[in-house]
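Participant: If you follow the hints, you should be able to join the two separate chains into one complex; please do so.
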Amino acid sequence: MADPLAHTAHDDAPLSSAKNPDVEAATDLGARKGDVLIGRTVTIDKPRETLYAFWRDFTNLPRFMHHIRSVTVTSAEHSHWVVEAPGGRSVEWDSQITEDRPGETIAWRSREGAAVRNSGRVDFADSPDGRGSLVTVTFAYDPPGGAVGKAIAKLFQEEPKIQARRDLRRFKQLMETGEVSTARAPDAAPRA
Amino acid sequence: MRALTWHGKHDVRVDSVPDPKIVNPRDAIIQITSTAICGSDLHLYDHTIPTMKAGDVLGHEFMGEVLEVGPGNQKLKVGQRVVVPFVIACGQCFFCRQQQFAACDNSNPAETADMSEFLFGYPMTGAFGYSHLTGGYAGGQAEFVRVPFSDVGPIVIPEGIEDEKVLFLSDILPTGWMAAVNCEIKPQETVAVWGCGPVGLFAIQSARVLGAHRVIAIDHYPHRLDLAKSLGAEVINFEEVNVREALVEMTGGIGPDACIDAVGMESHGVTADSVMDKVKSTVGLVTDQTHGLRQVILACRKGGRISIPGVYGGVTDKFPIGALMEKGLSVKSGQTHVQKYTQELLDLILNHKLDTTFLISHRLSLEDAPEGYKMFKERQNEVTKVVLKPGMTRH
Numbered sequence: 076m077a078d079p080l081a082h083t084a085h086d087d088a089p090l091s092s093a094k095n096p097d098v099e100a101a102t103d104l105g106a107r108k109g110d111v112l113i114g115r116t117v118t119i120d121k122p123r124e125t126l127y128a129f130w131r132d133f134t135n136l137p138r139f140m141h142h143i144r145s146v147t148v149t150s151a152e153h154s155h156w157v158v159e160a161p162g163g164r165s166v167e168w169d170s171q172i173t174e175d176r177p178g179e180t181i182a183w184r185s186r187e188g189a190a191v192r193n194s195g196r197v198d199f200a201d202s203p204d205g206r207g208s209l210v211t212v213t214f215a216y217d218p219p220g221g222a223v224g225k226a227i228a229k230l231f232q233e234e235p236k237i238q239a240r241r242d243l244r245r246f247k248q249l250m251e252t253g254e255v256s257t258a259r260a261p262d263a264a265p266r267a
Numbered sequence: 072m073r074a075l076t077w078h079g080k081h082d083v084r085v086d087s088v089p090d091p092k093i094v095n096p097r098d099a100i101i102q103i104t105s106t107a108i109c110g111s112d113l114h115l116y117d118h119t120i121p122t123m124k125a126g127d128v129l130g131h132e133f134m135g136e137v138l139e140v141g142p143g144n145q146k147l148k149v150g151q152r153v154v155v156p157f158v159i160a161c162g163q164c165f166f167c168r169q170q171q172f173a174a175c176d177n178s179n180p181a182e183t184a185d186m187s188e189f190l191f192g193y194p195m196t197g198a199f200g201y202s203h204l205t206g207g208y209a210g211g212q213a214e215f216v217r218v219p220f221s222d223v224g225p226i227v228i229p230e231g232i233e234d235e236k237v238l239f240l241s242d243i244l245p246t247g248w249m250a251a252v253n254c255e256i257k258p259q260e261t262v263a264v265w266g267c268g269p270v271g272l273f274a275i276q277s278a279r280v281l282g283a284h285r286v287i288a289i290d291h292y293p294h295r296l297d298l299a300k301s302l303g304a305e306v307i308n309f310e311e312v313n314v315r316e317a318l319v320e321m322t323g324g325i326g327p328d329a330c331i332d333a334v335g336m337e338s339h340g341v342t343a344d345s346v347m348d349k350v351k352s353t354v355g356l357v358t359d360q361t362h363g364l365r366q367v368i369l370a371c372r373k374g375g376r377i378s379i380p381g382v383y384g385g386v387t388d389k390f391p392i393g394a395l396m397e398k399g400l401s402v403k404s405g406q407t408h409v410q411k412y413t414q415e416l417l418d419l420i421l422n423h424k425l426d427t428t429f430l431i432s433h434r435l436s437l438e439d440a441p442e443g444y445k446m447f448k449e450r451q452n453e454v455t456k457v458v459l460k461p462g463m464t465r466h
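Listed in order, the protein sequences are those of chains A and B. First residue of the first sequence: 76, per the working numbering; consecutive thereafter. First residue of the second sequence: 72, per the working numbering; consecutive thereafter.
Worth flagging that the hints you see were computed from the coordinates, not collected in a lab. There are no misleading hints in this set.
Pulled from the structure, derived: some chain B residues nowhere near chain A, Cβ distances all over 12 Å: (1) Gln170; (2) Glu230; (3) Arg279; (4) Val312; (5) Arg315; (6) Met321; (7) Gly324; (8) Ser436.
Subject to a maximum C-alpha distance of 30 Å in a straight line, what follows is the list of computed DSS-like cross-link-like pairs (lysine-lysine): (9) B:Lys448 to B:Lys80; (10) B:Lys146 to B:Lys460; (11) A:Lys236 to B:Lys124; (12) B:Lys80 to B:Lys124; (13) B:Lys411 to B:Lys148; (14) B:Lys124 to A:Lys225; (15) B:Lys148 to A:Lys121; (16) B:Lys124 to B:Lys92; (17) B:Lys146 to A:Lys121; (18) A:Lys121 to B:Lys411.
In this text, a Cβ means the ideal position worked out from N, Cα and C, and glycines have one as well.
Isolated chain B (complex conformation) (with noise of 0.2 Å):
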């Protein structure tokens, strides 16, 4: 089959690899129809994220058809249209059975869950495409994929639904609405939303679905804060404005009761690629760029909440963990346990409460996918998602 692999630093290609097949008695293999490139897939192309190996299959946004069922699945049938969640959840364990599905203890699998624990103090969940700290898994940005315990994630869609109303249901709509969850919004509440990308904006769409009164959104991109706009948001440039004092007057001199954090790391990452090799060893750890961060804790107002959704993977400095203690702030954040989400937002989608496909920006065939990543890099101000079709024929 074809597929979108990683040989290296802005070095992504469409090879010719072997088809999955069916190994453990739950998996699922899934035909491919829409798939998408997320933010984070630009962490794996600046190569920010350590245990890439040359050839991984990269995409973890994805949904098709079940093609073939193994015999241990009860649930899925071949034929059905499914939307699959990038964390692999095995239900069983204390953590999925807590319903914090993206904290797995079981699909992981045991080669590769040292790598996490050793960084981390716990092993991470093992998900699609999403180098080897997750397992190592071949993601979705190919023809066909294999989905492990495919009897607890993959979501069914009803006919008639097209691919594009439904398929951010497998990561940044459930990314975004648990960033908004994790606010705790209460009546009259401001919610500030730092990055107006995919789950930026599903965020601010999220927040006040969950009843914010005003959602104020910073970002510098103009078409960004354009799309932000039109959810209903109240907008600030941070390149023409000084946020913090916005912020201050914008809400009264109390400042804002929640904020998100839907930047995350951005050009810095851990690079530690000696991780795998070393078992003890706490070698060449750069620190995140946390830019954003210190400005969401210095702007989110005393007792206030925040929450964040952005991807960071190493350590920090500078961390104003005084304006975080002082002002007594509480933090929420984590991968998302998409599972927990997905029925509820499908009805929404489906009750026309939310609609998703206005981040659509470009479709692409699979062929195409190297010029979709350079694209959605190098210009993102108009590209805001890429949606790859398999079935598509190249430009």
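With the rest of the complex left out, here is chain A (with noise of 0.2 Å):
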């Protein structure tokens, strides 16, 4: 797998780890100098076609990623986009999809006049240790309002960072268990 994303120049590690990223050299990313980038992968006991699958239809990601309020397809390759965001506000965008290989990749721009610039992948792989398959997140996003942005949202806990791992985490129940871990009261956890 070439991919731009896959290392940094000197060693093994993926770009989204690197100290320093340097984001402008991710090219299939579009991402700009000041952008900030996420990464992550989980592991999940199934077919990476199966994968690729559910979240191709984008109907399906409210239910593992949960900051989405909703998800519009409007044509083969547009969808819009209205995500929750700090404070209780919500943003909107329409995406497009730049790359769509089954069982494979697919990646995303928004469009001219996004709230918040941003682009993305997801790439789905088998395990090389035979454990299922690899399905890694990559995006990159302009932050609102520069750095006091992103401190800001990080007070909040809605940094998109851990918004990513937790929708990963839930997307790996969801399809190796049938279920979203859930212990929110009172239904699910009764409490005093």
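Facilitator: Written out as structure tokens, the structure reads:
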């Protein structure tokens, strides 16, 4: 997999784990200097074709991406997203699929005029250890309000990196067990 | 329903809370007939485990009757009597498939998994009634409980076997058993066990079943030492005797081959309540008290094995890493993979090779649970195990 996202310049670690990632080097993402880069991988014990098919139907995404208020598919390539933002607000944008290889990759980019410019990809690969499939989400976004906005989002635990980690965890739960684990009060976990 | 809830340090109360419901297809609702207070619950009682919230329902050692089963569970039937493992396992992730059920990757909800991932490097499994680190699931010191992935964990108990004979399959018996299994006991070997609480006592019992030639038990409560003796152990009272010297002498100068730390964190523990709010700061981690573990490492023979079922949560200092390395010790530890051992242990119980009822010193109604916590903490010599009965009327 010859992929500019796969490695930093000097070792085999993914670009998203670099201390000072050169986001512009990730030409596939179309990221710009100053963008935040996030990457996360999970191993899911299901065939990658199954995982791809579930993800590709964007109406499935709210089942494990809990910060999505709505996603509306408007054409084969275009969709409209409404997503929760810190402070109870929401942001919305139009997104375009830039790459779609069944069983392998879905890549997207927000269209002109997006409230938060973002681009990303999800890659599905066979686990080299025979443990199922690797699902890797990588995305870059232009943080609202620059460095100050990022600090505020962090405090409210709504930073996209945390959300991405949680979303992938829920995706794994849903695919492997058929359920999303919950202990939400009162029904799933009564409390005083 | 009535449930034992946490409200702060040394403040547990029996409150009326909503009944649990089937939320996910593989859930089941159990009506609880017996439930116990665990030594680990005392860490919650002492508030040395972070991420507790007022109103949390406690309890992770419980059994009862299946009241309701979700549509996704093909195994359990309404009316069956089950003991429920304290760790929640999905059965399908990489770890469950290797029978490392206490490392399940899917049972801790995504919202709470971050915290233990930050603390430990990877997220902990979900468990019942044991802080929001393990998911914030309501525990079983209550009248009813919701059991996720109920087609994986609960073990069905045949009719005619009373609760007290099997209740401890939920946690402490498999914990003592796994501690002994982790000793990799070979013929003619001597196992030393620190701590004669419930886990230590079951570890002694298990070590003998698994073929230990001798078991030497260390504690200071006379009644607990008597119980250890009744299980076939030789005993050392650490208040009166120099433990390391005694062990050297009792093993002909070689040292015990395998050593079990069934003490764990005692009065000190992780106190970083701010862990929930801060993502990246390592703040205020008080060191775990590891006097017992230090002694275990120094007392074990060269090339021997250390087994740690005792619960720890944070970091420690003055750890004899030099002794561990220079003597070539192996260490095995972990939360118990309960589901791996329940069938085997149930068979041993049904065949009268193991009896755990000797441990129970007190039986109380659920309404008296706060007194149960207090006595378990303050009178550790005579209070060895408190079992709560939700059906019992209070005194």
